[in-house]
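Those protein sequence lines, which keep their order, are chains A and B. Residue numbering for the first sequence follows our numbering, starting at 1323 and increasing by one per position. Residue numbering for the second sequence follows our numbering, starting at 88 and increasing by one per position.
Some chain A residues well away from chain B (every beta-carbon gap over 10 Å; in silico):
1) E1387
2) A1417
3) N1419
4) A1420
5) Q1421
6) S1422
From the structure, some residues in chain A lie toward chain B, with a derived Cβ separation under 8 Å:
7) G1357
8) S1358
9) I1366
10) F1393
11) W1407
What the hints contain is simulated information worked out from the structure, not anything from laboratory work. Each residue gets a CB set at the ideal place from its N, CA and C atoms; glycine is no exception.
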Amino acid sequence: MKTRTWLLWAAIVLITVLPLYLNSAAPGSEGMFGGSDDRAQQAIGTLAPGYTPWFAPVLAPASSEIASLLFALQAAIGAGVIGYWLGLSVARERARNAQSPAQSSAQDPHAD
Amino acid sequence: MHIMEGFLPPAHALGWAAISLPVLAWGLRSMGRSLHAHPERRMLLGVAAAFAFLLSALKLPSVTGSCSHPTGVGLGALLFGPAAMVPVGFVVLLFQALLLAHGGLTTLGANVFSMAIVGPFVSYAVFRAAARLGAGRSLAVFLAACLGDLATYVTTSAQLALAFPDAVGGFETSFLKFAGIFALTQVPIAISEGLLTVLVVNAMARFNAQELRALPVMALRAGKGA
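Chain A with its partners taken away, still in its complex shape (with noise of 0.2 Å):
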């Protein structure tokens, strides 16, 4: 298990970096890495040029700062639980490790 696990983590590491070198893109070219919503508001531009959106964001982040720091923000929250999750997963099956000698001639040999 574990070697797979580590394998599965470098191929995950490996397609996330790869493309920052192997892309369709000419280098250098103007929106290189951009989002592809983006890409999609500049396409229906092109599709429909006379549309024009009728409702604008009722709050925009101020600055690409502004922005980065609340998709970290999401990102920490999402982080932090599973963080919560994995620590008391890893403590919790410690005990368990810890309790089972003393308590597995006491108990029904078949319980788990």
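Chain A is fixed; fit chain B onto it per the hints.
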């Protein structure tokens, strides 16, 4: 996959909202019932929601030279059923629409439909099909999360093509254009999400066997060496 604020004509915006709203209500009820019956699953549902929060904040580079983000809703769909992930996806999208000007309130219905409805349901269906065909747990989880992610972006492409058909080629030409932007970019990212979901499910199988015993995802034999 976020359709920007104001970028769907009013009729489309309303239509997608009308489709998504009842599904959201049903998802909330189904989630409530499931937590009532299995309060011990509360923490794992929290983890599934956190996974969606985390992943949808990460914009990853892709081979097309643009960036896109995974959705993270496949994990929860496999564990708790697709309905449970509708409210979760809704909360993520609402957060981004209100605070980040990413997506929008007028396009919320369409975005909920692609990310919180189509994604989880496709994930769940792929998982069931893979399981029936005899796939091991890891393979089934990978395929489900990966294809569910991709399905979300194909849906977004179709939604935009419906709203903005090409003057000459109509829906089809426009769909291919948007799919070239969204779905193609998404391929490596969907693969990453699939692999990451396998890692999390493996960890859950190890640490939370008790809570997950009754769930279909744990009934599958673990892949070789897992």
